[in-house]
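Here the protein sequences line up with chains A and B, keeping their order.
Counting from 1, position 86 in the first sequence corresponds to residue 86 in this note's numbering; the numbering is continuous, with no gaps.
Counting from 1, position 47 in the second sequence corresponds to residue 47 in this note's numbering; the numbering is continuous, with no gaps.
Ranges between beta-carbon positions, derived for each pair:
1) B/Asp21 / A/Asn82: 57 to 67 Å
2) B/Glu44 / A/Arg41: 52 to 62 Å
3) B/Asp21 / A/Pro103: 39 to 49 Å
4) B/Pro12 / A/Ser86: 56 to 66 Å
5) A/Gln24 / B/Asp51: 20 to 30 Å
6) B/Ala112 / A/Arg28: 24 to 34 Å
Since the hints were derived computationally from the structure, they do not count as laboratory data.
The C-beta atom is built at its ideal place from N, Cα and C for all residues, glycine as well.
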Amino acid sequence: MKIEYIADTGVFVRCGGPNADKYQRLRRAVRQADVELLIPRRVHLELGGKPNNVSYPSRPIPWQEGIEEGWILVAEELEYANPLVSGIMDASRRFIANETNRPEDSIEKTDTALVGLAAQLLDSGDAEKVILLTTDKPAGRAAETLLPEYGFPDQIEYWYASESYLEQMTAAEFIDS
Amino acid sequence: MSQSTTPGETPPIQQLRTLVDLLENPTLARIYTHVLQTEGATVEDLISELDIPQGTAYDYVGRLEDTGLITKARKERPYEFAAEPLSITLTTDGEERTITAELVDAVGRREADKDIDVYLDRHGVDGLATALEYAHEYVDGTVNHRIMAREVDISPLEAEIILQALESVVLEYRDE
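Work the whole structure out from these sequences, hints included.
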């Protein structure tokens, strides 16, 4: 089964810290399993990807090297013209606004992009299953709730990227899933 | 202006001074937090476990005891100390801010946690207190770093960094 993995900003933030041990662990696991982590373009921007170069002084967030090595991939543009993609993104906005008790217009497009990208990958047949790695619980729940409603039952999983989870990450996580 | 649940007979304004010190002096904050979280904490423990010079440890324990933030749980030597989780609400111009043991703990971590240190330099204790409120919601899953970034006017990256740094503080106090 063709599985695609979408990774969010929090995964790479979690990987920072002294010696970037967790980053090395994630790198080894992903490469051994011979998979890639896809990041939506907006996540790439959040991490400081061009053209919006923001860095944070407390520590570097290791991810750029992963792009150079090819196991972190910046995803294709979202196909807003595809009604399935735009529809599920609107639904995600409403879902997350409701979960977080915020007005809909305060929900960032990056949140909806995670769900939109998952839908696009499944709709195009590029993936038979999508796994979303994130620290964004409202977006994770939106993906798990909405994708089945949009015709993709059992084709989405959300993994919360906790500290302990990344500390124990091995290739088996990606191979067995 | 202040409702205090902190024990002790120290006059309120003097107590407030020590409270301010707790938020500005990470070593004092770590001592308070250690006494709060450890049963039967002695000054010797503080010296060895927190790696604090002996003179400083005795001096700071004295200051915290004088203001009632910690008390002697064992009255003979070696003295053992205990603390109650503090919660003091300040109201200025209608804006409320509660100083909690959790906030003191977060401040005390700045020496070991570069992310908290940088955040405090950039946004001060009030900024950190706000971030701690968001960290509670983050743990509950009712907010994400992007919403915090927009509402506090910082970058999403900075929001995620501080939320992750404070997540362990929040979880520590939830376990109890």
